[in-house]
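Engineer: One-letter residues, chain by chain:
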Amino acid sequence: MVKRDLIIVGAGPAGLSAAKIALEAGLSVTIIERSPMLGGQLTKQTHKFFGSKEEYAKTRGIDIAKILISELDNYKDKIEILQEATVVGMYKDYVLTIYQGNKYFKLEAKAIIIATGASEKVLAFENNDLPGIYGAGAVQTLMNLYGVLPGQEVVMVGSGNIGLIVSYQMIQAGVKVKALLEAAPTIGGYLVHAAKLVRLGVPIITKTTVKKAFGKEKLEKIQTVKLDDHWEYIDGTEAEITCDALCISVGLSPLHQLLSMAEIEMIYVNELGGLIPKKNSNYETSMPHVYACGDVTGIEEASSAMVEGKIAGLMAAAGLGNPHPNHKQLEKQFKDQLMNLRQGPCGVKIRQGLEKAGEAI
Amino acid sequence: MIKQTGVPSKEQVKSKFPDESMLVKPKAIIECYQEIPCNPCSTSCPFNAITIGEDINQIPKIDFSICTGCGSCVYACPGLAIMIARVKDDKAYFKIPYEQLPIPEKGEIWEGVNRKGEIICDALIESILRNKHTDRTTVVSVSVPKKYLYEFITIRGKHE
Amino acid sequence: MRIEKHPILSFEKKKKIHFTFNGKDLVGYEGDTIAAALHDNGIMHYSNSIVKHRPRGFYCAIGNCGSCNMTVDGVSNVKTCITPLKDGMTVLSEKDEVTIHG
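Residue numbers (my numbering), protein chains in the order written: chain A, 1 to 361; chain B, 1 to 160; chain C, 1 to 102.
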């Protein structure tokens, strides 16, 4: 088996950023990506990004993906990219099993960076499996990558940034967003995103959730219900909304499966979305030379995922005895950047989560 | 209230405006009510009128005596939370960020909308700006009756 | 249904791709995944749940959940949301009684 220097699993914001830094340091890099496209969730983010210039603020996510991909072009002889290739196994001897084109094969690596991202959580209610009930990210994929409309009249559940942004994007695509429901007493995402929606005529209804969906072969309408302070249904407050699609945006959980399979030490941290790997300040997991970055280490914004990816790339190179020429300076720069992104009130949950995981911000 | 509905109170809105006497010249109204990690308004201002500082979570502060109302921040703000306001005679003039279709055209009358999403008045399209700097955001110059200075926020749908 | 006009994105009409779904001739476009092309054709029912045979559509669209698994060119359990559509593909709803070593 040919041994790769560094294999990066996942070509989203974290994986691509890790690749760039590791290539700069002189490593050969193999990127393995499940989808036909590079860029992960960035490829459907049509909005301008928040953050600072270092995280490409005011550039649209779709264009950030192009920038990150084009930055790898300078290293054509050093990089190998496998697309439509799914890593289905990861083992203690640094071997990965990959499924591509209906075939399985194995690759071995000196170092591995896991940047697999996250998956959308589901919400429990009667008939929640009806066709027409989708993850909000799925609707974003359908519209912004393939140009296909999810439906004509849609209801969104969840007012985090994804719920708010996807609702706005549905209106841009010509879909009627009938309401946005939020179980909590207050809006979860950025208020500027909420304001954009409300002025377009979308009501944001807090302390309310979906109780039941109706439809034979596919969704026809939903029943909503008000929630009390203990998140219990308030009887008699049920209301019906006709819709042909329902988007569920109730959070993400880290795609930890490969790390768990290699028996890497994990910890459950609710604030970070679920099961995450324990890692030291060098982003190294309990398995030496295996690093993790981006949403798989805790759910955050793409801006943070890019910076985390850079740190993981830096550390993977140093770990193999190939430190980046500017290692010290970059390490400080990236860590300061992360601190800056996380230090405000919106970063409270992240900071609490990292503290529970035994990490400093 | 804003945390439940996404709609700021009248007092919150007014706190972002300068004294009306300053609005004889155009000024940026920055409706950022929450500390989020974001600073393009400040870095895009050619006159350094907007300050956020080292901690990018701080709410932007604007020096209205320096702001020229040039509008660079209108399309730099990822939250579409900035507009330019000016008052002349009995009309209020705005430059607003707009990311929907169709793109308005000069001379058309559209429906003026408030922060709750309600239609409040007619809005005359004065001009539009859409180039590589605005990056697919359309900056729409629009005028409404002056009494809607603190209410008008966007446009929706052309009058047929 | 396709998005025809969009304020930020541009969707050019791409090359047509012919495929079949449960024996019916359908048209998709180059760059589509199987699931996207089916949804555009108004088809939302892709598989059935194993025990209660309830209709299932896609859910995550990025290959995580398995709700859109279908039989493509004789291979079962294909994640249609991340599999590009190709000319002449034969797509079948996943059978109810899929087993691991079927």
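Certain hints may be false.
[Said to hold, decoys possible] Derived DSS-like pairs (lysine-lysine); straight-line CA-CA distance at most 27 Å:
| id | chain 1 | residue 1 | chain 2 | residue 2 |
| --- | --- | --- | --- | --- |
| 1 | C | K95 | A | K103 |
| 2 | A | K66 | B | K10 |
| 3 | B | K91 | B | K3 |
| 4 | A | K216 | C | K24 |
| 5 | B | K106 | B | K61 |
| 6 | B | K147 | B | K91 |
| 7 | C | K13 | B | K132 |
| 8 | B | K147 | A | K176 |
| 9 | A | K178 | B | K158 |
| 10 | A | K121 | C | K95 |
| 11 | C | K14 | A | K178 |
| 12 | B | K116 | B | K3 |
| 13 | B | K132 | A | K178 |
| 14 | C | K14 | B | K132 |
| 15 | A | K178 | B | K16 |
| 16 | B | K146 | B | K106 |
| 17 | C | K86 | A | K66 |
| 18 | B | K61 | A | K221 |
| 19 | B | K147 | A | K211 |
| 20 | B | K116 | B | K132 |
| 21 | A | K212 | C | K5 |
| 22 | A | K207 | B | K116 |
| 23 | B | K3 | A | K176 |
| 24 | A | K78 | A | K349 |
| 25 | C | K5 | A | K3 |
| 26 | A | K176 | C | K24 |
| 27 | A | K53 | A | K356 |
| 28 | A | K178 | B | K3 |
| 29 | C | K52 | A | K103 |
| 30 | A | K121 | A | K110 |
| 31 | B | K16 | A | K226 |
| 32 | A | K53 | B | K106 |
| 33 | C | K95 | C | K5 |
| 34 | C | K95 | A | K216 |
| 35 | B | K91 | A | K53 |
| 36 | A | K226 | B | K3 |
| 37 | C | K24 | A | K66 |
| 38 | B | K158 | C | K14 |
| 39 | C | K52 | A | K176 |
| 40 | A | K53 | B | K61 |
Just so you know, the hints here were simulated from the structure itself, not pulled from any lab data. Bear in mind the structure is a predicted one, so any value in this text is a computation, not a measurement.
Engineer: Decide, hint by hint, whether the structure agrees.
Structural biologist: Verification of the hints:
Distance restraint check for K95(C) and K103(A): the Cα-Cα separation of roughly 23 Å lies within the 27 Å cut-off, and the hinted pair is therefore satisfied. The hinted pair formed by K66(A) and K10(B) fails the criterion: a straight-line CA distance of about 42 Å is larger than 27 Å. Proposed proximity of K91(B) and K3(B) is contradicted: the alpha carbons are some 31 Å apart, above 27 Å. With a CA separation close to 22 Å, the supplied pair K216(A) and K24(C) stays within the 27 Å bound.
Among the hinted pairs, K106(B) with K61(B) is inconsistent with the structure: their alpha-carbon atoms are about 32 Å apart, more than 27 Å. Between the alpha carbons of K147(B) and K91(B) the distance comes to roughly 8 Å, so the proposed pair stays at or under 27 Å and holds. The hinted pair formed by K13(C) and K132(B) meets the criterion: a straight-line CA distance of about 24 Å does not exceed 27 Å. For the given pair, K147(B) sits about 31 Å from K176(A) by alpha-carbon distance, which is inconsistent with the 27 Å threshold.
The hinted pair formed by K178(A) and K158(B) meets the criterion: a straight-line CA distance of about 21 Å does not exceed 27 Å. Note on K121(A) and K95(C): the hinted pairing holds, with a Cα-Cα distance of about 26 Å set against a maximum of 27 Å. Distance check on the hinted pair: K14(C) and K178(A) sit about 32 Å apart at the alpha-carbon level, beyond 27 Å; violated. For a cut-off of 27 Å, the pair hint linking K116(B) to K3(B) stands: about 13 Å separates their Cα positions.
Between K132(B) and K178(A) the alpha-carbon distance is near 33 Å, which puts this suggested pair outside the 27 Å criterion. Among the hinted pairs, K14(C) with K132(B) is consistent with the structure: their alpha-carbon atoms are about 26 Å apart, no more than 27 Å. With a C-alpha separation of about 30 Å, the suggested pair K178(A) and K16(B) falls outside the 27 Å cut-off, and the hint is violated. Note on K146(B) and K106(B): the hinted pairing holds, with a Cα-Cα distance of about 20 Å set against a maximum of 27 Å.
In summary, the hint linking K86(C) to K66(A) is supported, as the alpha carbons are separated by about 25 Å, within the 27 Å threshold. Between the alpha carbons of K61(B) and K221(A) the distance comes to roughly 46 Å, so the proposed pair goes past 27 Å and is violated. Distance check on the hinted pair: K147(B) and K211(A) sit about 43 Å apart at the alpha-carbon level, beyond 27 Å; violated. Only pairs whose Cα atoms come within 27 Å are accepted, and K116(B) paired with K132(B) is rejected, the gap being roughly 31 Å.
At most 27 Å may separate the alpha-carbon atoms for a hinted pair to count; K212(A) and K5(C) exceed this at roughly 34 Å. Taken as a hint, the K207(A) and K116(B) pair is honoured in the structure, with Cα atoms around 19 Å apart against an allowance of 27 Å. Under the criterion of a C-alpha separation no larger than 27 Å, the hint pairing K3(B) with K176(A) is consistent with the structure, at around 23 Å. As the CA atoms of K78(A) and K349(A) are separated by approximately 39 Å, the hinted pair breaks the 27 Å bound.
For the proposed pair K5(C) and K3(A), the alpha carbon gap of about 48 Å is over 27 Å, so the pair is violated. Straight-line distance between C-alpha atoms of K176(A) and K24(C) comes to about 31 Å, which puts the hinted pair past the 27 Å bound. With a C-alpha separation of about 30 Å, the suggested pair K53(A) and K356(A) falls outside the 27 Å cut-off, and the hint is violated. With a CA separation close to 20 Å, the supplied pair K178(A) and K3(B) stays within the 27 Å bound.
With a C-alpha separation of about 32 Å, the suggested pairing of K52(C) with K103(A) is violated against the 27 Å cut-off. The hinted pair formed by K121(A) and K110(A) fails the criterion: a straight-line CA distance of about 33 Å is larger than 27 Å. At roughly 34 Å between alpha-carbon atoms, K16(B) and K226(A) are farther apart than 27 Å, so this suggested pair is violated. The suggested pairing of K53(A) with K106(B) is violated, with an alpha-carbon distance near 34 Å, which exceeds 27 Å.
A threshold of 27 Å between alpha carbons decides the hint, and for K95(C) with K5(C) the separation of about 38 Å lies outside it, so the pair is violated. Note on K95(C) and K216(A): the hinted pairing holds, with a Cα-Cα distance of about 19 Å set against a maximum of 27 Å. A hinted pair counts as satisfied when its Cα atoms are at most 27 Å apart, and K91(B) with K53(A) does not qualify at roughly 37 Å. As the CA atoms of K226(A) and K3(B) are separated by approximately 17 Å, the hinted pair is consistent with the 27 Å bound.
Note on K24(C) and K66(A): the hinted pairing is violated, with a Cα-Cα distance of about 38 Å set against a maximum of 27 Å. Taking the CA atoms of K158(B) and K14(C), the gap is about 32 Å. The hint is violated against a cut of 27 Å. About 33 Å separates the Cα atoms of K52(C) and K176(A), which puts this hinted pair outside 27 Å; it is violated. Between the alpha carbons of K53(A) and K61(B) the distance comes to roughly 19 Å, so the proposed pair stays at or under 27 Å and holds.
In terms of the numbered hints stated before, the structure departs from hints 2, 3, 5, 8, 11, 13, 15, 18, 19, 20, 21, 24, 25, 26, 27, 29, 30, 31, 32, 33, 35, 37, 38, 39, listed from lowest to highest.
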